[in-house]
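Student: From first to last, the protein sequence lines stand for chains A and B.
Numbering of the first sequence is given in the numbering used here, commencing with residue -5 and proceeding in unit increments.
Numbering of the second sequence is given in the numbering used here, commencing with residue 2 and proceeding in unit increments.
Below, in silico cross-link-like pairs of lysine-lysine (BS3-like), each with a Cα-Cα straight-line distance of 30 Å or less:
#	chain 1	residue 1	chain 2	residue 2
1	A	K89	B	K45
2	B	K59	B	K45
3	B	K114	B	K45
4	A	K89	B	K150
5	B	K59	B	K114
6	B	K114	B	K66
These are calculated hints, taken from the structure and not from any lab test.
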Amino acid sequence: MYDLIQSNKRRSVLLVAGFVILLALVGAAFGLVIGNGPIATLIALLVGGAIAFASYWKADKIALAISRARPADPERYARLHNLVEGLCIASGLPKPGVYVVDDPAPNAFATGRNPRHASIAVTTGLLEMMNRVELEGVVAHELSHIRNYDILVSTLAVTMVGAVALLTDLAIRTMWWNGGRVRRSGDRPDRNNPLALVGFALLILAPIVAKAMQAAISRQRETLADVSACQMTRYPPGLISALEKLQADTTVTHAASTATAHLWIEQPMSGVGDEGRLGGPHRWFNTHPPLEERIALLREL
Amino acid sequence: MWFFIIVLIIVVALLAYLISAYNGLIRRRNQIENAWSQIDVQLKRRLDLIPNLVETVKGYAAHEKETLDAVIRARNAAVAAPDTPVAQARAENALTGTLRQLFALGEAYPDLKANQNFLALQEELSSTEGRVAYARQFYNDSVLGYNNKLQQFPTMYFAKMLKFERREYFEADEAARSTPTVEF
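Chain A with its partners taken away, still in its complex shape (with noise of 0.2 Å):
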């Protein structure tokens, strides 16, 4: 269990720095179509890493918004705090700010940028169905990714798969004023630049890439999550039958959107199917392993 969770950690590193090369040579692809290679590559990696800087300190305020979560009354779920309180005793993590959001589907996320800066958020619909050991289950899962500092990575990777999109975009626009080479009268005599092709083709997969990568990171962090919620618990049956349940309910979580769908507990959306329809390359775009997986793993436990 430990083992496993030092590798999740190198995994994740690894997968950043992943961000980073793809980064550069978005920048890269940028300066060979507009033919201003270092310069441009200079200026990829400076827009990321503000953006990067920027989100690190409002990110979780953003993310409690748009789910519209509010603070959870102490006296109205006395239960979810109890259950909050007695896990950050087991981990030794000071206790994260509780939210509620109002929807019927069971679902949970965990946001902020350290221990001491994080919050966890349930829907009204698990607190309806989840039983308290099940439920203790689902906050033990948050609270690891709280511990396993998952909410600082998923933010970043959500600002560099923001920066590689923005930086994409920038560049195939910037071909329609110069890069795209459009005989005009007036025109300086041509040059032939057959790298832009390059940079053209780097540039239309860059945001795939990064999107496929950032659902891989998320992957590899639920799998740890539910690892270590278990060492939290010592009672895998627990999130087992908790995941059971997400199992068999099908309802889509309406509070969720796309940017935040990695940090939920559950895959939020519908159509990217848990049943594994869908195999192959749809895989590689999925932030969560599908739970048959997850619920398997933890039955080795």
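Assemble chain B onto chain A, guided by the hints.
Tutor: For chain B alone, coordinates are given in the frame of chain A:
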């Protein structure tokens, strides 16, 4: 000249390692102490909840004097228990046994069972019991981390010099084996 620079680098690296290893041990040891006091905090919290609970039950089932007295006696015994883990655990176990009987009264008195205060106290007590268990778990996890660090190469050599000592786990066994004795 080069020789001195190399020696200097080695000495600085060694010092940096020693400092970080020492601080790591201190941090882990403090975490153990913090975890231990957390157990006490939760146990005390549980004891503080009980008078309230007894009062609430009295309002509905005053003639269940035996059960109520048993709870109060068990609570006072737990307050007075000597400050050793085993003695404390034994007292706490006895208390848990009497509390179970108290909550069983809820089945016989529907009014009591429907009382908001009673329900809230029941929730508080059961989650506090969970917290005690979790605090012990965290204590043991902390001890595990500390002992691991202490016995690993090469920390083991200098930890011995600085008189860091192994810590004992909290064993639920001895406490759990002694069955709760309920006096009537």
